[in-house]
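S.K.: Working from the sequences, and respecting the hints, build out all of it.
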Amino acid sequence: MFNNTFLTQISSLFPSVPSSLTSYWHGLWWDNHKRQAILIFVASAFLVSIPVFFQAPLVRVLPSLSLVLTFVWVYWGFKLRSQPETDLWGDILIGFSWSWLCGSIYWGWLRWYPAIHIPIEAIGLPFAIWGIRRGWGLIGNYFYLGSLIGTAITDLYFYIVGLVPYWQEIMTTDPNLVKPILQGAIAQVNTPWGISWAIVLANLLLAISLYGLQKKQLHHLAFAGAVLSTIATDGLFLVVAYFGIGA
Numbered sequence: 004m005f006n007n008t009f010l011t012q013i014s015s016l017f018p019s020v021p022s023s024l025t026s027y028w029h030g031l032w033w034d035n036h037k038r039q040a041i042l043i044f045v046a047s048a049f050l051v052s053i054p055v056f057f058q059a060p061l062v063r064v065l066p067s068l069s070l071v072l073t074f075v076w077v078y079w080g081f082k083l084r085s086q087p088e089t090d091l092w093g094d095i096l097i098g099f100s101w102s103w104l105c106g107s108i109y110w111g112w113l114r115w116y117p118a119i120h121i122p123i124e125a126i127g128l129p130f131a132i133w134g135i136r137r138g139w140g141l142i143g144n145y146f147y148l149g150s151l152i153g154t155a156i157t158d159l160y161f162y163i164v165g166l167v168p169y170w171q172e173i174m175t176t177d178p179n180l181v182k183p184i185l186q187g188a189i190a191q192v193n194t195p196w197g198i199s200w201a202i203v204l205a206n207l208l209l210a211i212s213l214y215g216l217q218k219k220q221l222h223h224l225a226f227a228g229a230v231l232s233t234i235a236t237d238g239l240f241l242v243v244a245y246f247g248i249g250a
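Just so we're aligned: the sequence shown equals residues 4 to 250 in the numbering used here.
Keep in mind the hints are simulated off the structure, nothing from the lab.
Here the structure is a predicted model, which means the values were calculated and not measured.
C-beta: ideal position from N, C-alpha, C; glycine also.
Check each hint, because a few of them may be wrong.
[Claimed, not checked] Using C-beta positions, here's what the derived DEER-type ranges look like:
{"id": "1", "residue 1": "P195", "residue 2": "H36", "range": "38 to 48 Å"}
{"id": "2", "residue 1": "K219", "residue 2": "A190", "range": "35 to 45 Å"}
{"id": "3", "residue 1": "P178", "residue 2": "L239", "range": "49 to 59 Å"}
{"id": "4", "residue 1": "Y214", "residue 2": "L113", "range": "29 to 39 Å"}
{"id": "5", "residue 1": "R137", "residue 2": "W79", "range": "16 to 26 Å"}
{"id": "6", "residue 1": "A205", "residue 2": "I173", "range": "42 to 52 Å"}
{"id": "7", "residue 1": "T175", "residue 2": "F130", "range": "29 to 39 Å"}
{"id": "8", "residue 1": "W133", "residue 2": "L159", "range": "34 to 44 Å"}
{"id": "9", "residue 1": "Q220", "residue 2": "W115", "range": "38 to 48 Å"}
{"id": "10", "residue 1": "Y162", "residue 2": "F56", "range": "19 to 29 Å"}
{"id": "11", "residue 1": "F56", "residue 2": "I198", "range": "21 to 31 Å"}
M.R.: Structure representation (C-alpha cells):
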C-alpha cells in the first residue's frame, strides 16, 4: 500500500518520467543495502568537504576548540556505533575524527611547514591499517584512507606545479593582503604544465575512486566517496580562489 502510494506521488510530481524508471529508483531506494550504499557514498563526499570549508577558518581563529571537537566526534561515533541501527554512521564518524584531529594539529599550529603536512595527516594511518587488518571499523577506516590519499595527491600537485612557495607565503601573510599571492598561484595553475598535471592527477583520483565503486561493499564506497570528492573539493576551492581575486 505504502509503496504504491509513493510511486503514485512520484509519478504525479514528475509526469514525464517513465513509470519503469520511477519503479527502478523506487526499488533502488527501498532496497536497504542499496540505500545504505548511496547514503554512505554521499556522506563520505560531504565529510571530506567539511575540513576544507568549515574547519580551516575555525582552526585559524580557535585551534584549541577545533582540537577539542575531535573528542566530540569520537564520543558521538562510539555512541552511534553502539546501536545496530546507527552503527554505520558511528563507524564513519570515527574515521572522520582522525581527519579532523590531524587537520586541527596541522592547520592550527604547523601550517607554515608544507613538508610535514602529509606526515601529520597520516597520524591515524597505523590505527586505520590495524583496524582494516582486523575487520574493525572498516567504513570509517576506509573513509580516512581515501581522504588521506586524496590529500596526498593534492599535495603532490602543489609540489609538481610549484605552488608550495605560495602556500608558505599565504600562511605567513595578513589575510587582507593575500590577493597578489593568490594571483600568482592562479597564474601558475593556468600554465600548460599546471593544467596538464591537473588533468593527469584528476584522472588518477577518478581511477582510484572507480576501483572502489566497482567493489560495491559499503567500506569501499566510503573510500570511493572520499577520493572522488577530492576532485570536486579542489575544483570548488579553485573557484573560490578565482572569486577571491576578483573581489
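S.K.: Each hint needs a verdict: does it hold in this structure or not?
M.R.: These are the hints, each one checked on the structure:
For the pair P195 and H36, the supplied restraint of 38 to 48 Å holds, since their beta-carbon distance comes to about 46 Å. For the pair K219 and A190, the supplied restraint of 35 to 45 Å holds, since their beta-carbon distance comes to about 43 Å. The beta-carbon spacing between P178 and L239, approximately 19 Å, falls outside the hinted interval of 49 to 59 Å. Between Y214 and L113 the beta carbon distance is about 32 Å. The supplied range of 29 to 39 Å therefore holds.
R137 and W79 have their C-beta atoms about 23 Å apart, which keeps the hinted 16 to 26 Å range intact. Taking the beta carbon of each, A205 and I173 are about 23 Å apart, not inside 42 to 52 Å as hinted. T175 and F130 have their C-beta atoms about 32 Å apart, which keeps the hinted 29 to 39 Å range intact. Under the hint 34 to 44 Å, the C-beta atoms of W133 and L159, about 26 Å apart, miss the expected range.
Take Q220 and W115: their Cβ atoms lie about 40 Å apart, and the range 38 to 48 Å holds. In this structure the supplied range 19 to 29 Å holds for Y162 paired with F56, their Cβ-Cβ distance being about 23 Å. Between F56 and I198 the CB atoms are about 24 Å apart, so this pair conforms to the stated range of 21 to 31 Å.
Violated hints, listed in ascending order, are 3, 6, 8; each of the other numbered hints is respected by the structure.
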